[in-house]
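As they're listed, the protein sequences go chains A and B. Each residue of the first sequence is one higher than the one before, starting from 77 at the first, in the working numbering. Each residue of the second sequence is one higher than the one before, starting from 77 at the first, in the working numbering.
No lab work stands behind these hints, which were simulated from the structure alone. It cannot be assumed that every hint is accurate.
Result set (EDC-like, lysine to aspartate or glutamate): computed pairs, CA atoms no more than 20 Å apart in a straight line [stated by the list, open to error]: (1) Lys424/A - Glu194/B; (2) Lys384/B - Glu91/A; (3) Lys384/A - Glu138/B; (4) Lys384/A - Glu91/B; (5) Lys424/A - Glu267/A; (6) Lys384/B - Glu138/A.
None of these values were measured; they are calculated from a predicted model.
Protein chains: 2
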Amino acid sequence: MLLAGQITLLREGAEGLSRQIYGQIRGLIEEGRLGVGVRLPTSRALAQDLNVGRNTVMGAYEQLVMEGFLVADGRRGTMVSEASRGFEGQTARVEDAVKAVRQVAQPRLSRQARHMIEVRRREHPAFHSFQPGLPELRSFPHDLWARHLRRAARHMQLHPDMGGYGHYSGVPDLQQAIIEHVRLARGVVAEPEQVLVLSSAQAALDLVCRLLLDAGDPAMMEEPGYSGALAAFRGAQADLRPLRLDDEAPFANLPQGFDPKLIYVTPSHQFPIGRLMGLEERLSLLRYAEAASSYILEDDYDSEFHFKGTPIASLQGLDRQERVIYMGTFSKSLMPALHVAYLIMPPKLVVPGAGLHRNMGSAPSVVLQYAIASFMQEGQFRTHIRQMCLLYQKRRAHLLAALARHCAGDLVPTSQDGGIQLLGYLSDALLSKGWDDQSLSHHLRNHGLENSPLSSFYWSGEMERRQGLFLGYAASSLEAIDQQVALMADLMAWR
Amino acid sequence: MLLAGQITLLREGAEGLSRQIYGQIRGLIEEGRLGVGVRLPTSRALAQDLNVGRNTVMGAYEQLVMEGFLVADGRRGTMVSEASRGFEGQTARVEDAVKAVRQVAQPRLSRQARHMIEVRRREHPAFHSFQPGLPELRSFPHDLWARHLRRAARHMQLHPDMGGYGHYSGVPDLQQAIIEHVRLARGVVAEPEQVLVLSSAQAALDLVCRLLLDAGDPAMMEEPGYSGALAAFRGAQADLRPLRLDDEAPFANLPQGFDPKLIYVTPSHQFPIGRLMGLEERLSLLRYAEAASSYILEDDYDSEFHFKGTPIASLQGLDRQERVIYMGTFSKSLMPALHVAYLIMPPKLVVPGAGLHRNMGSAPSVVLQYAIASFMQEGQFRTHIRQMCLLYQKRRAHLLAALARHCAGDLVPTSQDGGIQLLGYLSDALLSKGWDDQSLSHHLRNHGLENSPLSSFYWSGEMERRQGLFLGYAASSLEAIDQQVALMADLMAWR
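All chains should be modelled from the sequences, with the hints used to inform the complete structure.
In structure tokens, the structure reads:
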């Protein structure tokens, strides 16, 4: 066998010649075309045959010896090793096995993974009409942002130590900027050390659930409620009960002796109903948490966008027992793809929370944290929020007017204020035509109108599912809103 | 009571006047100094007293009414609400309770959290002498990197859709660049769709453990082995057994019927021993995994830095059964604070892996993913690695020479090659002086010499702990290495 005849070298390729020789000889061994004990030509001979330098061939041989495919035996030269036999056999035997496995077996996933994945499967769509939760992106101050990124990169050049390990909880500048923001805007009472910076609200939900809950532990969340929170509770395999905030006395109706370790709420703008939790109810929730020794996770996901007056202050600011964990995100106030959110932990949970955060590894890049910090410190964050607030207010009013014009008999918008999405209930007229929110939502999505059906936010099976559509308006221009509502009206009239 | 006399306004403050009035009235109610039923001055009167516009006061009143602290009662004016009583009571009662709780109670953490946190508590130090795992940071091409960041920001300006949701697995450009890199450099066989981009190797370890393991499920990892992996297995509450790679036949000595669902290995450069897993052992591991229906997690953490020839190709590239999950990181090849790592999933785990990834929420920022992708596409990543390889090789040789000169009788360096850290075993002479690696490590750290003791990487309690020191040299200049080794020699001679 002339080995050189079985090797084809690309002189212009990205791969070095030595690497190519290595790869092709290895391939011949793997395929069984170079069997155990076969002696290879000397490196000098093969180099001549291939018209390459001798070092090139020697490099390939050395590599193959190091990996165990070849053995170098002094005077007897270089041979295909005994060890490579395992490989030949494997290849042959395994090919059939793989085929069989592929056809039959499903991977054995953990229960917790299956439960978590089940909650949210669908990828977000590429188009943006009425996509709930999506902020305006075309008006994002990209130039300014690019400047802050560059500045952050320069900062790291001047402080190379910041490129190493450490600061797992967050970069101090960003912790400080976040605290200043939530103190002023949300009445949160906390110190920068209490802040954990994470890669998303989802990571924050996951962290809090894992910090406090073992499998079977009692927990509560709102129903209807945010599916991301549901995924986190399911992942922790909690014994989860619904908190029905539309009840007159939500805390009186709970089963005796059910002391939830964690209670998830969105008091400033209930997701998805949009309801504001009043002072009395907040105090009753805090008292309940005290009696049951519960922690409360306050998800303040879109509180930046309230249109009338200042938004109601956070539950965290009312808490005197250090039972409230506050959670915020930059996904709505800056952009979702930024992937930065934060937790503000009560003092006693700071150290364990930071320890778990480090071991879960979802801290965002330090350069990014610096860029957000300087964006906030220079006041550009507040300016951006103020501008978006005005824009969203206009878009919301425009959407309401368009719905009144085109879909008045079909969708009944809630009176909730603020936020970046609108909930409309399906009217009796629409329901009597045979629509439910799932089929309607699907029908609209098929025609390019993104939305979420309200009924998908019910999870316990114990509550009657109200029928509604959840429409994001923040990313749609006034023109687009008109077009989309007109299209929606047409599509709803289809039945 | 003259309300105005109890309100002090800062005219130059960052907080608006209305907000200040709101906050101070709320404070008076919370402290019980404005009791239930107390009537407030009209907004006009208070505005005059405070010398502010009437709208300013009205804004504050409206906010307090909205939050439930005040009630507006038409002609009778504005009063402190009944609801605020709950608050007064709470404040008084709770203050004592909080004190009591702070002194006694520890927060009720989940078992999984406690197990995870326990594994790794210590923050990384601020100084860098011999810190294991730390790459050179001063030579990082910050200017180039800043340019790629700016370009990535511009790209997002041109494609505002990329700022939204989606691409949970990773930005396609980066998935592609990663595959090209690992194909060429590591012999990995995979398509871009198989890549999951995460915020850290730790997040990747956590994801894989949670994907495959429920509490009590059998699993295996190397001993001694990486503490980050241990934390992930502990978090999953796996029944974890040691894989002793120093055994003659590691897979023959395992208990019958113990079929691990997941096996964690570092075949290219065992952490912390530095051993290279030979071909025969790799094939035997693959056969074992097939028989036991195990998945293998191959952590290829520092394979970029091999000094002699090409590094041995990845285990993933040998796998014909789609049982190997490959894991890589940019922490060593670029910098730790970048917080980007990746998994390459076998085909059957791609969809469930991406689903779990979305629900764990540890995807890095999209702008960062673009920047890394263009850094790689332009070949600057390979150039940087090549330069660092030369630098680290020099530093390693220098460290070995310095150790031979100063500490020859005390530390016995392993013959492992490559990587960015060196393991030295404690000599019998040193042990007979009464040192063990924990006390020596502590002693050196107290004098500013960072390091890790080898014995801390044993975790099962079943193996004899070998004594050694783990020294990072990649971030130290040749001068610094000399100084640090001289200091180390002095400190070891102290006993």
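Structure-based check of each hint:
no.: 1; hint: Lys424/A - Glu194/B; in the structure: 17 Å, holds
no.: 2; hint: Lys384/B - Glu91/A; in the structure: 18 Å, holds
no.: 3; hint: Lys384/A - Glu138/B; in the structure: 10 Å, holds
no.: 4; hint: Lys384/A - Glu91/B; in the structure: 18 Å, holds
no.: 5; hint: Lys424/A - Glu267/A; in the structure: 13 Å, holds
no.: 6; hint: Lys384/B - Glu138/A; in the structure: 10 Å, holds
Hint compliance for this structure: every hint is met.
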